[in-house]
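Peer 1: Listed in order, the protein sequences are those of chains B and D. Each residue of the first sequence is one higher than the one before, counting from 52 in the working numbering. Each residue of the second sequence is one higher than the one before, counting from 52 in the working numbering.
Calculated from the structure, these hints are not laboratory results. There are no misleading hints in this set.
Chain copies aren't distinguished; within one or between two, either way the pair holds.
Quick list of in silico lysine to any residue cross-link-like pairs, SDA-like style, CA-CA up to 20 Å:
(1) Lys362 with Glu271
(2) Lys67 with Pro314
(3) Lys211 with Thr175
(4) Lys67 with Arg310
(5) Lys224 with Asn306
(6) Lys292 with Thr315
(7) Lys224 with Asn59
(8) Lys224 with Ile58
(9) Lys67 with Asn54
(10) Lys362 with Arg268
(11) Lys224 with Pro60
(12) Lys138 with Thr127
(13) Lys67 with Leu53
(14) Lys211 with Met329
(15) Lys67 with Gly312
(16) Lys103 with Thr235
(17) Lys224 with Asn54
(18) Lys394 with Ser434
(19) Lys96 with Thr235
(20) Lys224 with Val57
(21) Lys224 with Phe55
Please read these numbers as outputs of a predicted model, since none were measured by experiment.
Protein chains: 2
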Amino acid sequence: MLNFEVINPTRIIFGKDQLERLPQLINDFSKKKRILLAYGGGSIKSTGLFNKLMIHLKDFEVVEFGGIEANPQFTTLMKGVELAREKDIDFILAVGGGSVIDGVKFMTGAFHYKGDPYEVLKRTEGCVFTQAISFGTFLTLPATGSEANSGAVISRDELKEKLTMGGPLFFPKFSFCDPTVVATLPKRQLANGIVDAFMHTLEQYLTYPTDNLLQERQAEGILQTLIEIASEVIEHPNNYKLASNLMACATHALNGNLRCGVPTDWTTHMIGHELTAMYGIDHARTLAIIAPRLYENQFENKKEKLTQYGKRVWNLQGTSEEIAKEAIVKTEMFFQRLGIHTKISDYSADTDHIAEVIKTRFIDRGWNAMGERQAITPSDVESIVLHAI
Amino acid sequence: MLNFEVINPTRIIFGKDQLERLPQLINDFSKKKRILLAYGGGSIKSTGLFNKLMIHLKDFEVVEFGGIEANPQFTTLMKGVELAREKDIDFILAVGGGSVIDGVKFMTGAFHYKGDPYEVLKRTEGCVFTQAISFGTFLTLPATGSEANSGAVISRDELKEKLTMGGPLFFPKFSFCDPTVVATLPKRQLANGIVDAFMHTLEQYLTYPTDNLLQERQAEGILQTLIEIASEVIEHPNNYKLASNLMACATHALNGNLRCGVPTDWTTHMIGHELTAMYGIDHARTLAIIAPRLYENQFENKKEKLTQYGKRVWNLQGTSEEIAKEAIVKTEMFFQRLGIHTKISDYSADTDHIAEVIKTRFIDRGWNAMGERQAITPSDVESIVLHAI
Chain B
52 MLNFEVINPT
62 RIIFGKDQLE
72 RLPQLINDFS
82 KKKRILLAYG
92 GGSIKSTGLF
102 NKLMIHLKDF
112 EVVEFGGIEA
122 NPQFTTLMKG
132 VELAREKDID
142 FILAVGGGSV
152 IDGVKFMTGA
162 FHYKGDPYEV
172 LKRTEGCVFT
182 QAISFGTFLT
192 LPATGSEANS
202 GAVISRDELK
212 EKLTMGGPLF
222 FPKFSFCDPT
232 VVATLPKRQL
242 ANGIVDAFMH
252 TLEQYLTYPT
262 DNLLQERQAE
272 GILQTLIEIA
282 SEVIEHPNNY
292 KLASNLMACA
302 THALNGNLRC
312 GVPTDWTTHM
322 IGHELTAMYG
332 IDHARTLAII
342 APRLYENQFE
352 NKKEKLTQYG
362 KRVWNLQGTS
372 EEIAKEAIVK
382 TEMFFQRLGI
392 HTKISDYSAD
402 TDHIAEVIKT
412 RFIDRGWNAM
422 GERQAITPSD
432 VESIVLHAI
Chain D
52 MLNFEVINPT
62 RIIFGKDQLE
72 RLPQLINDFS
82 KKKRILLAYG
92 GGSIKSTGLF
102 NKLMIHLKDF
112 EVVEFGGIEA
122 NPQFTTLMKG
132 VELAREKDID
142 FILAVGGGSV
152 IDGVKFMTGA
162 FHYKGDPYEV
172 LKRTEGCVFT
182 QAISFGTFLT
192 LPATGSEANS
202 GAVISRDELK
212 EKLTMGGPLF
222 FPKFSFCDPT
232 VVATLPKRQL
242 ANGIVDAFMH
252 TLEQYLTYPT
262 DNLLQERQAE
272 GILQTLIEIA
282 SEVIEHPNNY
292 KLASNLMACA
302 THALNGNLRC
312 GVPTDWTTHM
322 IGHELTAMYG
332 IDHARTLAII
342 APRLYENQFE
352 NKKEKLTQYG
362 KRVWNLQGTS
372 EEIAKEAIVK
382 TEMFFQRLGI
392 HTKISDYSAD
402 TDHIAEVIKT
412 RFIDRGWNAM
422 GERQAITPSD
432 VESIVLHAI
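Make the full structure from the sequences, and use the hints.
Peer 2: This is the structure:
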């Protein structure tokens, strides 16, 4: 087992009808009792959630900041930062899915930053967030796990950039995970959420055998649960059993536990981010497009773990080689059964040069040796994308 | 899935050769740079761990407090509290297994308490610890999970009492989990540790089906891993793969995760604590004695989950009834294979009236309806103990 260090101080309040805990939890962090309520496209108003929240926020001065989009944009978020500074708030409640929560993480760090916060995202030398205001979340879309970790992905579409940030300052102080929100979601978002959680798990599992018997079983438990509930929860999102398991899986897939003591890959995400930046394809769908092709490209490196995955998660039988190959097929079919297309050409007709462009971007950033064995080169990335067209 | 709230802010530093992190971690909490180093019977000196720690503690004034015994005694711990007050320390480093760590949790709360801290353990009305000094741990015995939770069990042998305490103040700030310590442990302690982790998991799993598919799989993953490594790790405690999985299982079995969204039982522990208080039987062994008899007594209430456990963890086949019964047998045989006797009479010839005495103690404390269905009565407890003699 590899050495690791892990901490996750976020308080999870999981279940329905728990909002009476909200004012007390915010009070622990907000002295001014003046908070920013950040959300996305406004579905929190049509679903009635906004009004429910406001009932429990009656003792606070609430500054609204809506309009955080999917793949939250730097320019949008900076407007929120300015508003937060102007109104002198000292706490942000993020109400939304991964995009809103990621966006709020950035805002809490940018709030106190003296220079241009984009320097921090670009990792300009010497530029880091050294303080952040406190924030909590109310999750409306189980998918990214952002409610239970300290990472974020921020986009700048005009530069076709998608950049990551994170660190110990950016754990939510608390996250309400209420599975009843699942009933309000369109099928497309549910399918995306399932794939997102599934792929977060695979990125931390489909590497090489590690002697970490427990962590492997925990990853397999998430994958098995997602497979068991996936089709049903999309058809019956108001079934609380299914909804709560989906939400639990998404949180557990990226709360920091699965990475403990094991190598991780994350190259599917790195390539996927490029597809979102270039074509605007939903994040989860980019993962469904890239992963099967990456596993084929890295077949020899991942063969042992693919076989274990095929046996334990998909109950496949045969030779190791057969099981490993079939496991990739099963994975792609699983995504397709959820209504997710797994070719770039399903999303855009303009696929010329895409593989080369992405390869060049990787080279420009110095990303020359990726994956758990540092064996994935920019040329492999080009080949993976070519096969994914 | 049941509603739940969970938080666990302990930093886990897992692996070997990580002690260079120690001074920095203590610095975050100790302004006076004067700390108490608490330990047990002194094996940390014979194994060389003490000297290793002192190298990394050279910038601190270290006050030693050794001699915390198994089932840590109130009177012993109060000596530590007095020493800590006298020397004006502001941080405790607990180096040991669950007894030392539990004892230190009590000491951190008792340190500031104005009255007799035993009032708090006795839950005398109005008596609570409202503050605690910070502490960290270096785990030397994987078993209780105390390194990753905020609970403790404190004994007072002269009163034959074993009392629990806990709460958010009592999470370690950090815990070093170094699997190489496993190689230094006697077989008896290793077997105890395995049973302890196994039973912590069963207490949170062998109840009734809960719709919590993910949590059930996570519990099963711990049980499967323990079964896979148990016999081997006792024979080969210096095998790092086995040792690290044992340590990971013990931590995960009681870090607060398994209880999320599920009912729990814990009656085996309640009865077991009485056997330790009365006979001094090792804690883990009391669980191995009681659990099979409790599952027989509660067979109808636990049948569904026993069947799932038998199928998934022990790969049993047959009718549901057969599988459920066989699962109990398999569990007891598993304990016995580790060298653990599962009858009270294996430990003491003096078993007269024991069942009645324990029944009376339960009645006196008002413990009239225990277990996940509140279906276990003091008469059931009497019957369970009678069958365990």
